[in-house]
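Enquirer: Sequence:
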Amino acid sequence: VGYGSAQPAVSHRVAPFASRGERGERAEQHQDEQAQQVALSSNGQSNGLPLDEPLASILSKRDSTIWSTRAACLSQVAAFVGTEREPELLHPATAQQIVAIALLHLSDAHYRVALSALDCIAAGGDPLAPPP
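Just so we're aligned, residue 499 is where the sequence shown starts under the working numbering, counting upward by one.
Source of the hints: derived by calculation from the structure; they are not laboratory data.
Note that the structure is predicted; figures quoted are calculated from it, not measured.
There are no misleading hints in this set.
For each label pair, taking beta carbons as the anchor points, the in silico distance ranges come out as:
| hint | residue 1 | residue 2 | range |
| --- | --- | --- | --- |
| 1 | 564 | 630 | 40 to 50 Å |
| 2 | 630 | 562 | 30 to 40 Å |
| 3 | 563 | 630 | 35 to 45 Å |
| 4 | 630 | 555 | 30 to 40 Å |
Glycine is no exception: its CB is placed at the ideal position from the N, C-alpha and C atoms.
Build the full structure now, drawing on both the sequences and the hints.
Expert: As structure tokens, then:
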């Protein structure tokens, strides 16, 4: 802007309002933080689900509309490996159901659910592998 110009010298600032993409990123980040808080709660619980909850009840949460509930379901199942609850997972009908659920959730819309499904499959590999 030069001398005698009718336009005032105004600095161009970015609007304080977030774009739709930024709002979506912030919302997802908030959900991620909530999921981490759920996963970190360990007062008698693991991944936000009680340790003594029946396996059928845990598996019933696999179809939740809330992604963090689906992810917690798969994480809880994976957490049973190596514990006193592992024999529940090794029952043939149950093992087949868990594998089907985990494979289905590998293509879940939310990446955290897909990662939990992958962790569940990886955790189940040890107890199901034949002895050397």
